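A.B. asks: Sequence:
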Amino acid sequence: MYQYNAVIRKVVDGDTIEIDIDLGLSAWVHNEKIRLYGIDTPEVYGVKKGSPEWELGNQSSEFVKQNLKENSQVIIETIKDKKEKYGRYLALIFIQIDQNILTGLEDIRSIDDYYCLNDILIAKGLAKKYMI
1 MYQYNAVIRK VVDGDTIEID IDLGLSAWVH NEKIRLYGID TPEVYGVKKG SPEWELGNQS
61 SEFVKQNLKE NSQVIIETIK DKKEKYGRYL ALIFIQIDQN ILTGLEDIRS IDDYYCLNDI
121 LIAKGLAKKY MI
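Numbering (my numbering), first residue to last: 1 to 132.
No wet-lab data here; the hints were simulated from the structure.
A quick note: this is a predicted structure, and the numbers were derived from the prediction, not measured.
Treat each hint with caution, since some may be false.
Stated by the list, open to error - FRET-style restraints, in silico, Cβ to Cβ: (1) Gly-50 to Tyr-2: 17 to 27 Å; (2) Ala-27 to Glu-55: 36 to 46 Å; (3) Pro-52 to Ala-27: 42 to 52 Å; (4) Glu-55 to Val-12: 27 to 37 Å; (5) Gly-50 to Lys-82: 18 to 28 Å; (6) Ala-27 to Lys-82: 13 to 23 Å; (7) Ala-27 to Ser-51: 42 to 52 Å; (8) Lys-69 to Ala-27: 16 to 26 Å.
As the list claims (entries may be wrong) - Below, in silico cross-link-like pairs of lysine-lysine (DSS-like), each with a Cα-Cα straight-line distance of 27 Å or less: (9) Lys-85 to Lys-48; (10) Lys-129 to Lys-10; (11) Lys-82 to Lys-33; (12) Lys-33 to Lys-124; (13) Lys-49 to Lys-65; (14) Lys-129 to Lys-48; (15) Lys-128 to Lys-49; (16) Lys-80 to Lys-48; (17) Lys-82 to Lys-10; (18) Lys-82 to Lys-128; (19) Lys-10 to Lys-85; (20) Lys-83 to Lys-69; (21) Lys-80 to Lys-49; (22) Lys-83 to Lys-49; (23) Lys-65 to Lys-129; (24) Lys-129 to Lys-83; (25) Lys-10 to Lys-83; (26) Lys-33 to Lys-128; (27) Lys-69 to Lys-128; (28) Lys-10 to Lys-49.
Glycine included, each C-beta is placed from N, C-alpha and C at the ideal position.
Work out the full structure: start from the sequences and follow the hints.
C.D. replies: Written out as structure tokens, the structure is:
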């Protein structure tokens, strides 16, 4: 729907992040929770520690944390102009990433030298496709 520059504040889990959004003309929205659109990562909260779901959820969260450092610049592409039932906007997140991580991955959308984290997580088997 719309594209914005944003700054990472915090990774909540494999499919939820907290960001500051640059709306342009020196206007910012701070500490906004974003749900990565079109994917679902396994849960780490409320599941048995050490279970297969917990292990994969932990891998997903760690991958996102490694590639979305606090204060890093990203581009978001919003999907709807309103929040979903948990109060988060849905968006595609485009990040700058080590090209070696992209080796062998197909169908990864990009904006200039920013690559879609949502697509990367699916291609690496760390998330499944999911429509809200």
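A.B. asks: Run the structure past the numbered hints and jot down the numbers of the failing ones, going up.
C.D. replies: Of the numbered hints given earlier, those the structure breaks are 1, 4, 5, 16, 21, 22, listed in rising order.
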